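**Student:** Sequence:
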Amino acid sequence: MLGLPKGSLGERSWMGCKEVGRRLGLFRSSAAGRAPRRKRPSLLEALEDRTLMATSGVDYVVKNGFSWSNPSRITYSIAPDGVQWISGVNGMNSAFDAKFGRGVWEREIARALATWQSVANINIVPIKDGPYRVNALGAPQGDARFGDIRIGGDAIPSNHQTLAQTYFPPPQGSTAGGDVEINLNMAYAIGGDYDVFSVVLHETGHSLGLDHPTSDKVVMRPIYGGVVTTLAAGDIEGIQSIYGARQRDMYQSQGYGVDIHRPIDLTAPLATSQTFTASAASLNRVGDVEWFSFVAPSYASGSWQVTASASNSSMLSPKVVLYDANGRQLGQASKPGSWSTDVSASSSSIVPGQRYFAAVTGATGDVFSIGSYNLTVSLSSAPRTTPPVVIPPPPVVIPPTTPVTPIPPSTGPIYSTSVVVAPDRFELNNSIGTATRLGRVVQAKIGGLTLPAADVDFFSFQSGGMGVYQVSAGGANIQILNNRGRVVAQGTNSVNVSATRNASFVVRVQAAAPVGVADYTLSIGQAAPVRRGPALPRRPIFGRNLARQGAAAPPALLATATTPNWGWALRTTAG
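Residue numbering for the sequence shown is 0 to 574, as defined by numbering that gives the first Met the number 0.
Worth flagging that the hints you see were computed from the coordinates, not collected in a lab. Just so it is clear, the structure is predicted and the values come from calculations on it, not from any experiment. Check the hints yourself; a few may be wrong.
The calculated lysine to aspartate or glutamate pairs, modelled on EDC-like cross-linking and capped at a C-alpha distance of 16 Å, are [stated by the list, open to error]:
(1) 98 to 236
(2) 98 to 128
(3) 444 to 518
(4) 127 to 80
(5) 127 to 105
(6) 334 to 365
Label-pair distances were calculated between CB atoms; the ranges are [as the list claims (entries may be wrong)]:
(7) 247 to 469: 17 to 27 Å
(8) 98 to 130: 21 to 31 Å
(9) 259 to 438: 11 to 21 Å
(10) 347 to 215: 56 to 66 Å
(11) 524 to 352: 12 to 22 Å
(12) 347 to 483: 25 to 35 Å
(13) 352 to 97: 51 to 61 Å
(14) 130 to 100: 19 to 29 Å
(15) 127 to 229: 50 to 60 Å
(16) 483 to 438: 15 to 25 Å
(17) 352 to 127: 41 to 51 Å
Cβ coordinates follow ideal geometry from the N, Cα and C atoms, glycine included.
The task is simple: from the sequences and hints, build the whole structure.
**Tutor:** Written out as structure tokens, the structure reads:
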């Protein structure tokens, strides 16, 4: 939370919150027959679950145990106007539209989230929101109706010092974890005080699990300190202490894709398939370029297309450039004004036996140039389904010669054909339409499975209860898709996905190593059932620990089925 003319944790906002709570029925008079007023929480209570880390003059504070269980896909959304928000009715969209224009302020919010993604091993994905009040009953992460982090705004009653306030992330047993409240009483600006990007950057730090440090030289300081453009060293160390630094993808970690001399080679899968997707690729720094290549198969004719898709994977705005073997550019595509988007570059001609290249980089040269994506190569012609009849020639006797060890090509295929893995009993499950149906699952294990090089296995199941499900397949890259075909979780060896009861999912499994997987077991199990809290009242019940940014002491706010934790508010002043 941030606060007014720069400078305190005063008492005024606490009193304001008591008034809000009184009006909503939480705080009652201690007159005869009524409950006594709620006691104000002590500072020690508020600090007992925080950890202070300090090194070489930088510090950060981590909210112990509060983080997203699936950091590879943390979603966010903008709550629509008219829904019940934390202190009133959400009106942020119309207020910011009138002042800044919709695309402008939305990009500032997206830039704040992309800034955190650029330095941590997380991917953040924007999704649509819906007509649901704050803290609607549902899964703490992965609820398809709205983002894991929801951002809205209202006029906090009698409060002109708190800029914003935010819930810490799960585990909290409610959908309010990570949600942000912008105080529309405050005069927001872009590039001046009170800067939208600077405030949202601070608040979403709370959404990801950071608390207020003692240093005033970091973004996560409790008092608004003016416009910031990036994170400080303490902020970066803090977020990496929770999620780690960004990691190279599975291709780069094996030395592939880092330059044109050793690209990620898709020749083998395209020899038998008109389309192939290399999943879970990633750009980890501004200026990164990832290289892909293939030799056009014998059936190729017409045109070909390469799509870099970040729309369900990260905040990345990708750019694709196509080349032939002589380095001549054949096509390119980018959308630098968009984020979490897909772009497709195409070439109108293809020659069998010729090698082609695709380079993927960021389109913007800033934090939107970092993030995960999937790359798909599509050929306009398809392989022949019935091979032509070939009459074998008469045998030819070849005299013995001295064997010569061949020199491997510099573009060694990442999908090697040197090791043959036999197909398993479900081998026709190579698409969503032919997925192996597992039915309703609480716990399930399917053994004796194989993944030949470039093979993909699909399985479908329904969750037997509400909670977090763990899907494991040793040596494999795993993607979880919802019933709309959207990727809701992905990772290697094991991933977690939040589910409501009877939710439908499709599991996509592909070998992580180029030689395939000779034997794996698919395990699906409910790792953490959701504990249902009491039914939500018709009006919000306000609890204590939220993260605020403002000019007064932290108000004790918010409604939940089981009261979630707030970080402190961001204030405009100290006091």
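**Student:** Report the numbers of all earlier hints that the structure fails to satisfy, in ascending order.
**Tutor:** Per hint list: 1, 2, 9, 11 and 15 violated.
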